[in-house]
Amino acid sequence: MNHNPQSSDGKHDDDSALSDFLASLMDYAPTIPDELVEHYLAKSGFQCPDVRLIRLVAVATQKFVAEVASDALQHCKARQAAVVKDKREKQQKVIYLCLLSFLISFGLSDPLLEQDKRLILTMDDLSKSLREYGVNVKHQEYFADSPST
Amino acid sequence: MRKSRSKRKSNIHLQQPTINPRDFQFMITKVAVSQICKSVGFRRSRVSALETLTLVATKYLETLVKSAASFSNAASRTQSNILDLTNALHDMSLQVGFMGASTLYDHNNNCLLKSSVLESLSDFVSSTNEIPFAKPIERAKERESEEVNAVPGSFQERGGHIPEWLPRFPDVGGTNENCDKRVNGEQLWENSSSVLGCQIDGFEEKRCGSNNVGKLPKGRSRIKFRVNNGGGTRVGLNGISCNNVFGQSKDEEEAEPVAVCEKSVKSEEKQILVYKRRKKR
Chain A
1 MNHNPQSSDG KHDDDSALSD FLASLMDYAP TIPDELVEHY LAKSGFQCPD VRLIRLVAVA
61 TQKFVAEVAS DALQHCKARQ AAVVKDKREK QQKVIYLCLL SFLISFGLSD PLLEQDKRLI
121 LTMDDLSKSL REYGVNVKHQ EYFADSPST
Chain B
1 MRKSRSKRKS NIHLQQPTIN PRDFQFMITK VAVSQICKSV GFRRSRVSAL ETLTLVATKY
61 LETLVKSAAS FSNAASRTQS NILDLTNALH DMSLQVGFMG ASTLYDHNNN CLLKSSVLES
121 LSDFVSSTNE IPFAKPIERA KERESEEVNA VPGSFQERGG HIPEWLPRFP DVGGTNENCD
181 KRVNGEQLWE NSSSVLGCQI DGFEEKRCGS NNVGKLPKGR SRIKFRVNNG GGTRVGLNGI
241 SCNNVFGQSK DEEEAEPVAV CEKSVKSEEK QILVYKRRKK R
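Chains as they are written, first to last, in UniProt numbering: chain A, 1 to 149; chain B, 1 to 281.
Derived from the structure by calculation, the hints contain no laboratory data.
Any given hint could turn out to be false.
Here are the computed lysine-lysine pairs in the BS3-like style, where the Cα-Cα straight-line distance is at most 25 Å [to be verified]:
1) B:Lys30 - A:Lys63
2) A:Lys77 - B:Lys38
3) B:Lys30 - A:Lys138
4) A:Lys43 - B:Lys30
5) B:Lys224 - A:Lys43
6) A:Lys138 - A:Lys128
7) A:Lys77 - A:Lys138
8) A:Lys85 - A:Lys63
9) B:Lys59 - B:Lys38
10) A:Lys43 - A:Lys63
11) A:Lys63 - B:Lys224
12) A:Lys128 - B:Lys38
13) B:Lys30 - B:Lys59
14) A:Lys63 - B:Lys66
15) A:Lys128 - B:Lys59
16) A:Lys63 - B:Lys114
17) B:Lys30 - B:Lys66
18) B:Lys114 - A:Lys43
19) B:Lys114 - B:Lys38
20) B:Lys38 - A:Lys63
21) A:Lys90 - A:Lys77
22) B:Lys135 - B:Lys224
23) B:Lys38 - A:Lys138
24) A:Lys138 - B:Lys59
25) B:Lys30 - A:Lys77
26) A:Lys128 - A:Lys85
27) A:Lys63 - B:Lys135
28) B:Lys135 - A:Lys43
29) A:Lys128 - B:Lys30
Listing some non-contacts, in silico: residues in chain A with all C-beta distances to chain B over 10 Å [unchecked claim]:
30) Ser70
31) Gln80
32) Ala82
33) Val84
34) Gln91
35) Arg118
36) Leu119
37) Pro147
By construction, the Cβ of each residue, glycine as well, lies at the ideal position given by its N, Cα and C atoms.
If we strip away everything but chain B, and leave its shape as in the complex, we get (with noise of 0.2 Å):
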């Protein structure tokens, strides 16, 4: 794009040995919104109306960013997703209006992920042609690398607030694995199996989870109640007493029990306690 011949004048003053970092990211950034007026039609632009521009377009991009965050944080969460972006957009665009501005706290019908403006996006990407940035940008990321060879413990590692003569921290494990997972199996919407791209269903997820509620961590003898009619001598296995009213009892009458109890007293891991009941005289 080229230039009004009114406002060359100006360019003289952008050509400056050293630049401000705001102003570099600036300049950027007009590269960028350049580009995409290019592609909307435009072949020559006024340098004020493309520095507005640019300048509309950073404060859009701070504005945005800085309501998903505010967004997160009402959560009490640090991280944003996806959602937190979602109720961003649609406090921007509620000035132009967009499909369902109308219903968007109606809690019975919403859904956040349906948004309309996340629906125009998807179709924007599609339709639109893919426009790469004109410049190559010098990385930042390369300077950090030189940091790397830091001694553990050092100031690199800790920070500066905390002497480098004090003694390290005590190891402690790290990161507990118990500590990463919640009690009812609740985790982040961005690390849950729809997002990631498995195919199972977060509600049949739950039903798998289920069949491992009813096995115990550790097996346990297996209990038998009987109603008996004559009382049996109290025997105490494992010196486990009982109570008055069910009393374990070796029924030598019956072959089952006999069994049972041979059993009991054979294998070492699952004992078939049998509870007989006995009528108070």
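With the rest of the complex left out, here is chain A (with noise of 0.2 Å):
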């Protein structure tokens, strides 16, 4: 083992550094709850005392799912970039202002800016930021019920 005492000092805040995280993670309560957690852990065959560890489970996997949602989130608004910058491109500005002066009479707001509303998730974008991260998903266009289809 290594007596030189910069390396212990380091191993010392390292470790403390670790319990303040651990620490710090009972004072956060993770998106999926402690109960589901322990389930999936039974079910696996993880067994462990310590209440911490759980929450680390469970905070990895939530740190997982928003890493994928955010990714889809950058395809999605990626692709409505370029099809808003298409319809600029093509329409006029007269024509745009009409409608907008009509929209806006009625009390709704100019559906080109509202973009963030239409957000959807969808199994595009999911399959996209998914292939990143190593899980092929490739969703079917359609199912036919007869074969003559």
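Grab the two chains, each in its own frame, and use the hints to assemble them into the complex.
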């Protein structure tokens, strides 16, 4: 073992940083509840008396899902930005302004600016983002009910 | 979150009166995953996409936990600790990549606890807001409390493999305290002082422990050795016979040994035996 005083201090710092993190985990309530995580742990054979590790597993899963979802969001926004760009090039400005005034008179706002309300998680975006994480998901376009079609 | 109109019909299938346990936990996980998606920025989702994401999340959790369990089994342990979990996280994150992935198994410089995966997790915890789970979960543990009133030695206590008409096991005295501690003072990592929040470093603990090494459990008499020219009579104290070369003697010429011998006669606890070397003639 290393008897260097610096390394033992460094190890102490790491341990204290880690124990601080584990203590902060107890304050943080992960979205996946503890009972659900414990059920999956029991199903898979993970035995641990420490509650902090259960929280750690829940947080790791939450981080994974959040990353996948944010990647899908990026794909969705990129696709919509491309669509908006095409639309704006094709439309003439006059027609656009008339449409805008028409909508505002009805109390609706500009649909082109309200893209964030229409962010839908679709299989296309999800499969693109999951591919980076090593999960290959292909969604069937349609199902035919008889072989003749 | 609202489901898009095209998939609303599938809602009817979900509202069955009897639900399998597997479907039940899947639906709970779906609620949690949809909450996470909402926090990221989505407002709506397709049902198939949400179910796929839930399935992937459950498989991720199960895989993570299974590999942690197999790491601990490989180290001949049944209970997993954070090191097993860190190794499992490394395995799961290799596809995406993380800092230090190339030097994972370099024995000289690597410390598992300093891994960047754990650091990124702690950053995630500190930077993200808490999203408490939306719905209350019915606790299954309340049902088990009814079976606590078991007769000692009955089916509930011993399990079904032992017939009830056999007598109880003899009381061996429970867990022996001596069995809990290992010979060289080794302990599981999670019971170590650094994790339990104690400020004493593991290195210092050994030094503190070494103070007790010099102390004997039982007092024994002090022994002095002297080289002598003349021989003295061989006296055996307490019936202890000595070697030919080293013999005990009561030397009455010197005052010190006399006092010593007198003391040795009087005191029972500490006897200073003086060994004098006799020259061979």
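Evaluated hints:
1. Straight-line distance between C-alpha atoms of Lys30 of chain B and Lys63 of chain A comes to about 16 Å, which keeps the hinted pair within the 25 Å bound.
2. At most 25 Å may separate the alpha-carbon atoms for a hinted pair to count; Lys77 of chain A and Lys38 of chain B meet this at roughly 15 Å.
3. In summary, the hint linking Lys30 of chain B to Lys138 of chain A is supported, as the alpha carbons are separated by about 20 Å, within the 25 Å threshold.
4. Note on Lys43 of chain A and Lys30 of chain B: the hinted pairing holds, with a Cα-Cα distance of about 18 Å set against a maximum of 25 Å.
5. The hinted pair formed by Lys224 of chain B and Lys43 of chain A fails the criterion: a straight-line CA distance of about 68 Å is larger than 25 Å.
6. About 10 Å separates the Cα atoms of Lys138 of chain A and Lys128 of chain A, which keeps this hinted pair within 25 Å; it holds.
7. Of the supplied pair hints, the one linking Lys77 of chain A and Lys138 of chain A holds, its CA atoms being roughly 21 Å apart against a limit of 25 Å.
8. The hinted pair formed by Lys85 of chain A and Lys63 of chain A fails the criterion: a straight-line CA distance of about 33 Å is larger than 25 Å.
9. Straight-line distance between C-alpha atoms of Lys59 of chain B and Lys38 of chain B comes to about 21 Å, which keeps the hinted pair within the 25 Å bound.
10. Between Lys43 of chain A and Lys63 of chain A the alpha-carbon distance is near 22 Å, which keeps this suggested pair within the 25 Å criterion.
11. Our distance criterion of 25 Å between C-alpha atoms is broken by Lys63 of chain A and Lys224 of chain B, whose separation comes to about 71 Å.
12. Proposed proximity of Lys128 of chain A and Lys38 of chain B is supported: the alpha carbons are some 19 Å apart, at most 25 Å.
13. Distance check on the hinted pair: Lys30 of chain B and Lys59 of chain B sit about 13 Å apart at the alpha-carbon level, within 25 Å; holds.
14. Straight-line distance between C-alpha atoms of Lys63 of chain A and Lys66 of chain B comes to about 18 Å, which keeps the hinted pair within the 25 Å bound.
15. Restraint check: the Cα-Cα separation between Lys128 of chain A and Lys59 of chain B comes to about 18 Å, which is no more than 25 Å; the hinted pair holds.
16. Taking the CA atoms of Lys63 of chain A and Lys114 of chain B, the gap is near 19 Å; set against the 25 Å cutoff, the hint holds.
17. Taking the CA atoms of Lys30 of chain B and Lys66 of chain B, the gap is about 21 Å. The hint holds against a cut of 25 Å.
18. As the CA atoms of Lys114 of chain B and Lys43 of chain A are separated by approximately 30 Å, the hinted pair breaks the 25 Å bound.
19. Taking the CA atoms of Lys114 of chain B and Lys38 of chain B, the gap is about 32 Å. The hint is violated against a cut of 25 Å.
20. Distance check on the hinted pair: Lys38 of chain B and Lys63 of chain A sit about 14 Å apart at the alpha-carbon level, within 25 Å; holds.
21. At most 25 Å may separate the alpha-carbon atoms for a hinted pair to count; Lys90 of chain A and Lys77 of chain A meet this at roughly 20 Å.
22. With a C-alpha separation of about 80 Å, the suggested pairing of Lys135 of chain B with Lys224 of chain B is violated against the 25 Å cut-off.
23. Simply put, Lys38 of chain B and Lys138 of chain A have alpha-carbon atoms about 23 Å apart, close enough for the 25 Å limit, and the pair holds.
24. For a cut-off of 25 Å, the pair hint linking Lys138 of chain A to Lys59 of chain B stands: about 17 Å separates their Cα positions.
25. At most 25 Å may separate the alpha-carbon atoms for a hinted pair to count; Lys30 of chain B and Lys77 of chain A meet this at roughly 24 Å.
26. For the suggested pair Lys128 of chain A and Lys85 of chain A, the alpha carbons sit about 22 Å apart, so the restraint of at most 25 Å is met.
27. Of the supplied pair hints, the one linking Lys63 of chain A and Lys135 of chain B holds, its CA atoms being roughly 21 Å apart against a limit of 25 Å.
28. For the proposed pair Lys135 of chain B and Lys43 of chain A, the alpha carbon gap of about 23 Å is at most 25 Å, so the pair holds.
29. Between Lys128 of chain A and Lys30 of chain B, the direct Cα distance comes to roughly 20 Å. Compliance with the 25 Å bound is thereby established for this hinted pair.
30. Against the 10 Å criterion, Ser70 of chain A falls within the reach of chain B, whose nearest CB is about 5 Å from its own CB.
31. Every Cβ of chain B is farther than 10 Å from the Cβ of Gln80 of chain A; the closest lies at roughly 12 Å, confirming the non-interface assignment.
32. The non-interface label for Ala82 of chain A is consistent with chain B: the shortest C-beta to C-beta separation is roughly 18 Å, beyond 10 Å.
33. Separation of Val84 of chain A from chain B is adequate, the least Cβ-Cβ distance of about 17 Å exceeding the 10 Å criterion.
34. Gln91 of chain A, annotated as away from the interface, keeps every beta carbon of chain B farther than 10 Å; the closest lies near 25 Å.
35. The Cβ of Arg118 of chain A sits about 7 Å from the closest Cβ of chain B, inside the 10 Å cut-off, so the non-interface label is violated.
36. Separation of Leu119 of chain A from chain B is inadequate, the least Cβ-Cβ distance of about 5 Å not exceeding the 10 Å criterion.
37. With 10 Å as the threshold on Cβ separation, the claim that Pro147 of chain A sits away from chain B holds: the shortest Cβ distance comes to roughly 23 Å.
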